Amino acid sequence: MSSPDSSPPVTATGAAAPAVASVRELTVRYGARTVLPGLTLDIPEGCVGLLGPNGAGKTTLLKTLMGFLKPAAGEAHVLGMNVATDPLRIRQRIGLMPEQECHIPGMSAVQFVAYAGELTGMPPAQALRRAHEVLEYTGLGEARYREVETYSTGMKQRIKLAQALVHGPKLLFLDEPTNGLDPQGRDEMLDLVRDVSHGKGLSVIVSSHLLPDIERTCDSVVVVRSGQVVRQGLLTDLARTMNAEYEVDLLLYSPAFVEAVSGSGARLVASEGSRLRFSLGPEQARTAGAAGRLFFEAARQSGAQVRGFRPALRRLEDVFMEAIES
Amino acid sequence: MRGSSRSRTGTPAAAVTAAAADHAGGSQSAITDVSYRNYEGELHLRPYFRWWTVTVATIRANVNRKKLGYWVPAALILVIYFFMGILHYLTQNVRDQMSMTGAGMMGGMLGLEAPVNQYAVTFYQSLSATLFLLFIAALTIGSGSIAADNRANALLVYFARPITRFDYLFGKWMGIFLLLAALTVVPALLMYAFFAVTYYDVGFLSENPWLILRLLAATLIPAALQASLVLGFSAWSKAPRLAAAVYAGFYFLLGNLTVQGGRMMLASESARARPQTVAVVSNMAVDGVASGMALHLLDVTPRQVATSFEGREPGRRNRPPRNAEERARRERREQRFQERLDRTTTERPDLAAMLLIGGAMILLPLAAAHAKVRAVEVIRG
Amino acid sequence: MAETPTAPAVPSHIPPPPPMPGEESRAAVAPLISFQHVSRWYGQIIGLNDVSCEVGPGLTALLGPNGAGKSTFIRLVTGQLRPTTGRALVLGESPFANARVLGRLGYCPEIDNFYEEMTGREFVTQLAAMSGFSGRDLKERVDRSIERVGMSDRCDRKVGGYSKGMRQRIKVAQAILHDPQVLVLDEPLNGLDPVGRLEMTALMSALAREGRCVLVSSHILYEVEQLTDNILLMQRGRLLARGSVRDIRDLMDRDTQTPRHIVLRVDRPRAMAADLLGVPSVMGVRFDPQDPGRLEVETRDPRAFFAALPDVVLAGDYGVESVDSPDDHLESILRNLLNRK
Chain F
1 MSSPDSSPPV
11 TATGAAAPAV
21 ASVRELTVRY
31 GARTVLPGLT
41 LDIPEGCVGL
51 LGPNGAGKTT
61 LLKTLMGFLK
71 PAAGEAHVLG
81 MNVATDPLRI
91 RQRIGLMPEQ
101 ECHIPGMSAV
111 QFVAYAGELT
121 GMPPAQALRR
131 AHEVLEYTGL
141 GEARYREVET
151 YSTGMKQRIK
161 LAQALVHGPK
171 LLFLDEPTNG
181 LDPQGRDEML
191 DLVRDVSHGK
201 GLSVIVSSHL
211 LPDIERTCDS
221 VVVVRSGQVV
231 RQGLLTDLAR
241 TMNAEYEVDL
251 LLYSPAFVEA
261 VSGSGARLVA
271 SEGSRLRFSL
281 GPEQARTAGA
291 AGRLFFEAAR
301 QSGAQVRGFR
311 PALRRLEDVF
321 MEAIES
Chain Y
1 MRGSSRSRTG
11 TPAAAVTAAA
21 ADHAGGSQSA
31 ITDVSYRNYE
41 GELHLRPYFR
51 WWTVTVATIR
61 ANVNRKKLGY
71 WVPAALILVI
81 YFFMGILHYL
91 TQNVRDQMSM
101 TGAGMMGGML
111 GLEAPVNQYA
121 VTFYQSLSAT
131 LFLLFIAALT
141 IGSGSIAADN
151 RANALLVYFA
161 RPITRFDYLF
171 GKWMGIFLLL
181 AALTVVPALL
191 MYAFFAVTYY
201 DVGFLSENPW
211 LILRLLAATL
221 IPAALQASLV
231 LGFSAWSKAP
241 RLAAAVYAGF
251 YFLLGNLTVQ
261 GGRMMLASES
271 ARARPQTVAV
281 VSNMAVDGVA
291 SGMALHLLDV
301 TPRQVATSFE
311 GREPGRRNRP
321 PRNAEERARR
331 ERREQRFQER
341 LDRTTTERPD
351 LAAMLLIGGA
361 MILLPLAAAH
371 AKVRAVEVIR
381 G
Chain D
1 MAETPTAPAV
11 PSHIPPPPPM
21 PGEESRAAVA
31 PLISFQHVSR
41 WYGQIIGLND
51 VSCEVGPGLT
61 ALLGPNGAGK
71 STFIRLVTGQ
81 LRPTTGRALV
91 LGESPFANAR
101 VLGRLGYCPE
111 IDNFYEEMTG
121 REFVTQLAAM
131 SGFSGRDLKE
141 RVDRSIERVG
151 MSDRCDRKVG
161 GYSKGMRQRI
171 KVAQAILHDP
181 QVLVLDEPLN
191 GLDPVGRLEM
201 TALMSALARE
211 GRCVLVSSHI
221 LYEVEQLTDN
231 ILLMQRGRLL
241 ARGSVRDIRD
251 LMDRDTQTPR
261 HIVLRVDRPR
271 AMAADLLGVP
281 SVMGVRFDPQ
291 DPGRLEVETR
301 DPRAFFAALP
311 DVVLAGDYGV
321 ESVDSPDDHL
331 ESILRNLLNR
341 K
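Residue numbers (my numbering), protein chains in the order written: chain F, 1 to 326; chain Y, 1 to 381; chain D, 1 to 341.
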């Protein structure tokens, strides 16, 4: 059930981080198919990325956590409430930003968001006040009195976020938040997600196929495949490589540079055009800043121009691929 | 020096901070933090009234100037009731005169029934005359109610919240029902008030104390029928206009079939033996059920309705025909009257049958809507 | 990293494009798409404003914010629209209602309209039949294109049950059925999980390597970066930039208006900053209150800066952990281009 990398993440003090949602031996059937065969998972506070190939059971898990699917076996708790006994109260405390386009027809943005708030149980006056606040926060302040049907794709995404936030949920589900957004819109949306998930008393679960989005906003990730957790942990932990490897970008590929570096005990691991990857010797790996000196020396010697270098961290993409293929 | 530099900074924020600098340690100044705050206010979950929010939103969405399809029928219904009220007033006077002058005996010879519950008859006639307009209004406000939600994928927004399918459907139904009931109940109550005021001295209130309740029941039933049916059709479509067209097709088709069927059965010989079957068949459509139930609730017979406006022109009736032409005309009129009497069913359709059909018309569409509005498809896999 | 084809290997059954009238024929790299001062209006709204460009074989990315005119461009290429002024030529002719061109053009649209009741295979077969194939040829082509997109094992299920990624692949399958010479893909990576994206990008690269002209419109810049170096950037109906990203970046460097930012992580940032201020190509240094080791340098001449950097580092014996130019990424380049003036 639990692979080596799927222990719940720990905080700096070493204690287990409080879980905002947890499932134990959760079995969910969809007709004759068993989609989640006994899943056990703790979702920590903060911003968590939920990754997995299509059909891995992410959406089924989300549906179960929201109380729509009854588990055939096992249990699931969200914010301390049991999914099987308290589905409505759970839905009051969580917000969903769906992937698909959705809105209530025939209303302006303010009316829509206020109505959404009222449906969650807010008093009408509070709902309206809060709708204005949330629309300002998501950047729709100028267009708030226009009908939602007239909105562009980017604005529709923001209003989906607004209706998920209006009732002050403690847990937010974001399903492909940057769907259909152009690069600038994506920038702004990811900034919003990052802002709302840090220091505002909210936890966020982001489900996305765009790994750079996850890298930018989330603190930890959960990778699922075929209804099982195959990898879980803080991004910073997962990104650490075993070896001290460095990536170097040159202006132009220079064999003299490679020679100079190799002469000092490092080893060329890979090269792709003008991007090189070196594995440092143990001496160099231990001293901070030794890598820099090494590369600049080699640059001065060989006459090559170093345009950049950094510790080679595993990208989330690599982590994901590894997890899926294992 | 200080003063001029302060005025040059200009912006209010600068002024605030400058002021703060002046009031050393003063706590009057502040810059509001407008970044995101999470809502920590109350969130109640009224267990039995979750649907009310949906109802209010439905009503608010439909009560606006653009919905001509609601306001025009509303106005026309009022006009019809007004007209019927006036007509009743005029013929009531005449009938009273008639009975006083002895012309009533002639009416009795023609087979007219004693006009005991003429108020109920008028209520019934007004109601059945306005049923079609109620249909138009229902089409306008109801056909888009769930269909538009389907098209805009609004169910995703609804069901991510703590409401159930029942809350959603019942809320919508109640909103449409209340709006339609306003169209049937309000004019009827106005007419009731008119009668109460005018005929108070001839015992309007004392003779039939339950009339108001019967009237309310009779007027609420068509609203309930239309609300359920239009909602059922709306739930199965993604396009409001399509839902409207399908419902209209259903309404007209059923209406025509039942009325024509009833007439054909009346014309055939065998039907005479079973008038009850004819009655039920004729009243199986949407409006038919509403009329049938109204007949029972208001305690009116079809014969009374058919003959309600006869007995007019006492003066002219009493005069012998002046010439052959007039005699022929009078004979033709009497013949038509007799034909009409014959065509009318003499019985009210069976109450149990009406309840059954009416109940099905209310419950089946709602069940169908409930099946179609599926919450589990919130997040597609 | 991008691969530009050196000698495009054109499959033999595709006839070479006719030479452009009045132009010297550059046989190996003849432009398959050619726009000459194309403008297109919708009433008062301008879709394209005086766009001129040429697209040859290989993979070209069409980029730009929403509403920039990308969909107008695509519709002009796929023959759904005619330009209001100017000439839009695909394979040497106007594609509008032109069966000759359309028979050699494949289009994978963004929208998702299928007959939900059909299976994937049936859908592709139907479209193949509509394109005029039949019999054995039809079956072979259908099988081949379904296999190329990796749907062979799932093509016999109803489309209604497909995930977004599967629908995407079926769309591409129908686009490559007839071995088109020009292939236009609108947001092909939408909805695909990382594995699917890898397969799709591999497929697109392979198709481009075969000598086809593959035009891809996408918002996912980090994928585009890895796919190709060749871009067309649009904004508000105008073509802002075209060609190789590297060349564009160099052009931007030469245009001294664009500052470049370089981020260094160093053990003694303030000391190093003092030293850097002595380097003439440095226009400014910035510290980050949240991140003590971070030093951001602004320069108008990155070449000179990087040439001078090793000396500064070694002279002061600084421990540099990393050097990064965030401006080198496609995203940053686009942002600079789009926010000019």
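Since the hints were derived computationally from the structure, they do not count as laboratory data.
These numbers were taken from a predicted model, which means no experiment stands behind them.
There could be a bad hint or two in this list.
Calculated lysine-lysine pairs in the DSS-like style (CA-CA distance at most 25 Å, straight line) [claimed, not checked]: (1) F:156 with Y:238; (2) Y:372 with F:70; (3) D:139 with Y:372.
With the Cβ distance kept under 7 Å, some of the chain F side facing chain D (calculated, not the full set) [claimed, not checked]: (4) 27; (5) 30; (6) 46; (7) 216; (8) 301; (9) 309.
The calculated label-pair distances, taken between Cβ atoms and stated as ranges, are [what the hints assert, rightly or not]: (10) F:310 with D:271: 49 to 59 Å; (11) F:72 with Y:132: 46 to 56 Å; (12) F:252 with D:271: 42 to 52 Å; (13) D:283 with F:310: 20 to 30 Å; (14) F:310 with Y:371: 36 to 46 Å; (15) F:259 with Y:37: 57 to 67 Å; (16) D:311 with F:287: 46 to 56 Å; (17) F:124 with Y:364: 28 to 38 Å; (18) F:310 with D:335: 17 to 27 Å; (19) D:206 with F:274: 53 to 63 Å; (20) F:300 with D:254: 20 to 30 Å; (21) D:36 with F:142: 38 to 48 Å; (22) F:287 with D:271: 17 to 27 Å; (23) Y:370 with F:31: 17 to 27 Å.
Note that CB positions come from ideal geometry on N, CA and C, so glycine has one too.
Each hint tested on the structure:
1. For the given pair, residue 156 (chain F) sits about 20 Å from residue 238 (chain Y) by alpha-carbon distance, which is consistent with the 25 Å threshold.
2. Of the pairs offered as hints, the one joining residue 372 (chain Y) and residue 70 (chain F) holds, with about 19 Å between alpha carbons and a cut-off of 25 Å not exceeded.
3. The hinted pair formed by residue 139 (chain D) and residue 372 (chain Y) fails the criterion: a straight-line CA distance of about 39 Å is larger than 25 Å.
4. With 7 Å as the threshold, the beta carbon of residue 27 (chain F) stays out of range of chain D, its nearest partner Cβ sitting at about 22 Å, so the hint is violated.
5. Because the beta carbon of residue 30 (chain F) sits about 12 Å from the nearest beta carbon in chain D, more than 7 Å, this interface hint is broken.
6. Taken as an interface hint, residue 46 (chain F) does not check out: its beta carbon lies about 18 Å from the nearest beta carbon of chain D, beyond 7 Å.
7. About 11 Å separates the beta-carbon of residue 216 (chain F) from the nearest beta-carbon of chain D, more than 7 Å, and the hint is not met.
8. Below 7 Å, beta-carbon pairs count as interface contacts, and residue 301 (chain F) has none with chain D, the closest being about 9 Å; its hint is therefore violated.
9. At a threshold of 7 Å, the smallest CB-CB gap from residue 309 (chain F) to chain D is about 6 Å, leaving the interface hint in force.
10. Taking 49 to 59 Å as the suggested C-beta distance range, the pair residue 310 (chain F) and residue 271 (chain D) does not conform, at roughly 21 Å.
11. The supplied range of 46 to 56 Å is met by residue 72 (chain F) and residue 132 (chain Y), whose beta-carbon atoms lie about 52 Å from each other.
12. Restraint check, residue 252 (chain F) to residue 271 (chain D): a C-beta distance of roughly 31 Å breaks the suggested window 42 to 52 Å.
13. Against the hinted window of 20 to 30 Å, the Cβ-Cβ separation of residue 283 (chain D) and residue 310 (chain F) comes to about 23 Å, which satisfies the hint.
14. Between residue 310 (chain F) and residue 371 (chain Y) the C-beta distance comes to about 58 Å, which lies outside the given range of 36 to 46 Å.
15. Distance hint check for residue 259 (chain F) and residue 37 (chain Y): the Cβ-Cβ separation is about 59 Å, which falls inside the suggested range of 57 to 67 Å.
16. Between residue 311 (chain D) and residue 287 (chain F) the beta carbons are some 21 Å apart, a value that contradicts the proposed interval 46 to 56 Å.
17. Between residue 124 (chain F) and residue 364 (chain Y) the C-beta distance comes to about 34 Å, which sits within the given range of 28 to 38 Å.
18. Distance hint check for residue 310 (chain F) and residue 335 (chain D): the Cβ-Cβ separation is about 21 Å, which falls inside the suggested range of 17 to 27 Å.
19. For residue 206 (chain D) and residue 274 (chain F), the hinted distance range of 53 to 63 Å is not satisfied, since their beta carbons lie about 24 Å from each other.
20. As the Cβ distance of residue 300 (chain F) to residue 254 (chain D) is approximately 26 Å, the hint placing it in 20 to 30 Å holds.
21. Roughly 39 Å separates the CB atoms of residue 36 (chain D) and residue 142 (chain F), a value that falls within the hinted 38 to 48 Å.
22. The given range of 17 to 27 Å is respected by residue 287 (chain F) and residue 271 (chain D), whose C-beta atoms sit roughly 19 Å from each other.
23. Separated by about 20 Å at the C-beta atoms, residue 370 (chain Y) and residue 31 (chain F) satisfy the suggested range of 17 to 27 Å.
Of the numbered hints listed earlier, those contradicted by the structure are 3, 4, 5, 6, 7, 8, 10, 12, 14, 16, 19.
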